[in-house]
Amino acid sequence: MKEKKWNMEVRSNTKKLKFWSLLWMVSMAIATFGPMFVWPENTVLNVLAILINLGCGGGMILVNRKLINSLDELQKKIQMDAMGIALGVGVVGGLGYSLLDQTNVITQDAQISFLVILISLTYMIGLFIGKKRYK
Amino acid sequence: MKNSLKVERAIKDLTQEELAKLIGVSRQTINAMEKNKYVPSTVLSLKIARVFGKKVEEVFFLEATD
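Each protein sequence line maps, in turn, to chains A and B. Here the numbering used here is used: the first residue of the first sequence is 1, the next is one more, and so on. Here the numbering used here is used: the first residue of the second sequence is 1, the next is one more, and so on.
Just so you know, these hints were derived from the structure itself, not from any lab. Among the hints, erroneous ones may be present.
Claimed, not checked - Cβ pair distances, simulated, as ranges:
#	chain 1	residue 1	chain 2	residue 2	range
1	A	T32	B	L46	48 to 56 Å
2	B	T15	A	M83	48 to 56 Å
3	A	Y97	B	G53	56 to 64 Å
4	A	F37	B	N36	51 to 59 Å
5	B	E17	A	V26	36 to 44 Å
6	A	T14	B	K37	22 to 30 Å
7	A	I106	B	E57	53 to 61 Å
8	A	V26	B	K35	40 to 48 Å
9	B	D13	A	F128	31 to 39 Å
10	B	K35	A	K15	29 to 37 Å
Said to hold, decoys possible - 27 Å max Cα-Cα, derived DSS-like pairs, lysine-lysine:
#	chain 1	residue 1	chain 2	residue 2
11	B	K21	A	K135
12	B	K47	B	K21
13	B	K21	A	K5
14	A	K5	B	K2
15	A	K132	B	K54
16	B	K21	A	K76
17	A	K18	B	K35
18	A	K135	B	K37
19	B	K21	A	K131
20	B	K37	A	K18
21	B	K47	A	K77
22	B	K54	A	K131
23	B	K35	B	K2
24	B	K6	A	K5
25	B	K37	A	K131
26	B	K54	A	K5
As the list claims (entries may be wrong) - Which bits of chain A does chain B cover? Going by a derived footprint, with three or more residues having C-beta under 8 Å, they are:
#	stretch
27	83 to 90
28	129 to 135
Just so it is clear, CB atoms sit at the ideal spot from N, CA and C, and this is done for glycine as well.
With these hints in hand, go ahead and build the complete structure from the sequences.
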């Protein structure tokens, strides 16, 4: 009975996280492309779209935290290991990338999207390795 | 640290899935503990010992290298 409740809680939190992630992605797309194609040069709408995006992001973070808290201890450890590696790679890689830009080793400006991709990929690889290790 | 999880589970005729359900963890966690890849917390060790009706130190034991 208790286990059923635990499993259901994880499933429910996963569904909620999917919903909030989708909402955040849509709000990000609206905040990015709205000023280009729908409301050019309208500061009020820009600020509103960004605030909505931040709100959705906040919701996503809270639901993610809830999901992690509902996992069992091994699953939490796998998550923490992956997050730790992703954070480390993000800081070291991000600052290294920034240095490449500052010292003009790379011709183009450093872009935040590269850092986000680096962190996401490292996190996913970390999760994959963790799940394999404890399989 | 080693454990006799697999033996105790066999005595009680429980599958990994059933034991996982009884203590509220995933089957993966039981499997990792049985293969000595994961050392459980005190709370989880106590829950496991309770299911088998034994003391914690009868299910989990230190090795010479610990």
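To see whether the hints hold, each was checked on the structure:
no.: 1; hint: A:T32 - B:L46: 48 to 56 Å; verdict: holds, 51 Å
no.: 2; hint: B:T15 - A:M83: 48 to 56 Å; verdict: violated, 32 Å
no.: 3; hint: A:Y97 - B:G53: 56 to 64 Å; verdict: holds, 57 Å
no.: 4; hint: A:F37 - B:N36: 51 to 59 Å; verdict: holds, 58 Å
no.: 5; hint: B:E17 - A:V26: 36 to 44 Å; verdict: holds, 38 Å
no.: 6; hint: A:T14 - B:K37: 22 to 30 Å; verdict: holds, 24 Å
no.: 7; hint: A:I106 - B:E57: 53 to 61 Å; verdict: holds, 59 Å
no.: 8; hint: A:V26 - B:K35: 40 to 48 Å; verdict: holds, 43 Å
no.: 9; hint: B:D13 - A:F128: 31 to 39 Å; verdict: holds, 34 Å
no.: 10; hint: B:K35 - A:K15: 29 to 37 Å; verdict: holds, 31 Å
no.: 11; hint: B:K21 - A:K135; verdict: holds, 18 Å
no.: 12; hint: B:K47 - B:K21; verdict: holds, 12 Å
no.: 13; hint: B:K21 - A:K5; verdict: holds, 10 Å
no.: 14; hint: A:K5 - B:K2; verdict: violated, 30 Å
no.: 15; hint: A:K132 - B:K54; verdict: violated, 31 Å
no.: 16; hint: B:K21 - A:K76; verdict: holds, 18 Å
no.: 17; hint: A:K18 - B:K35; verdict: violated, 33 Å
no.: 18; hint: A:K135 - B:K37; verdict: holds, 9 Å
no.: 19; hint: B:K21 - A:K131; verdict: holds, 20 Å
no.: 20; hint: B:K37 - A:K18; verdict: violated, 31 Å
no.: 21; hint: B:K47 - A:K77; verdict: holds, 19 Å
no.: 22; hint: B:K54 - A:K131; verdict: violated, 30 Å
no.: 23; hint: B:K35 - B:K2; verdict: holds, 9 Å
no.: 24; hint: B:K6 - A:K5; verdict: holds, 26 Å
no.: 25; hint: B:K37 - A:K131; verdict: holds, 12 Å
no.: 26; hint: B:K54 - A:K5; verdict: holds, 26 Å
no.: 27; hint: 83 to 90; verdict: violated (count 0)
no.: 28; hint: 129 to 135; verdict: holds (count 4)
Hints 2, 14, 15, 17, 20, 22, 27 from the list above are not met by this structure, while the remaining hints are.
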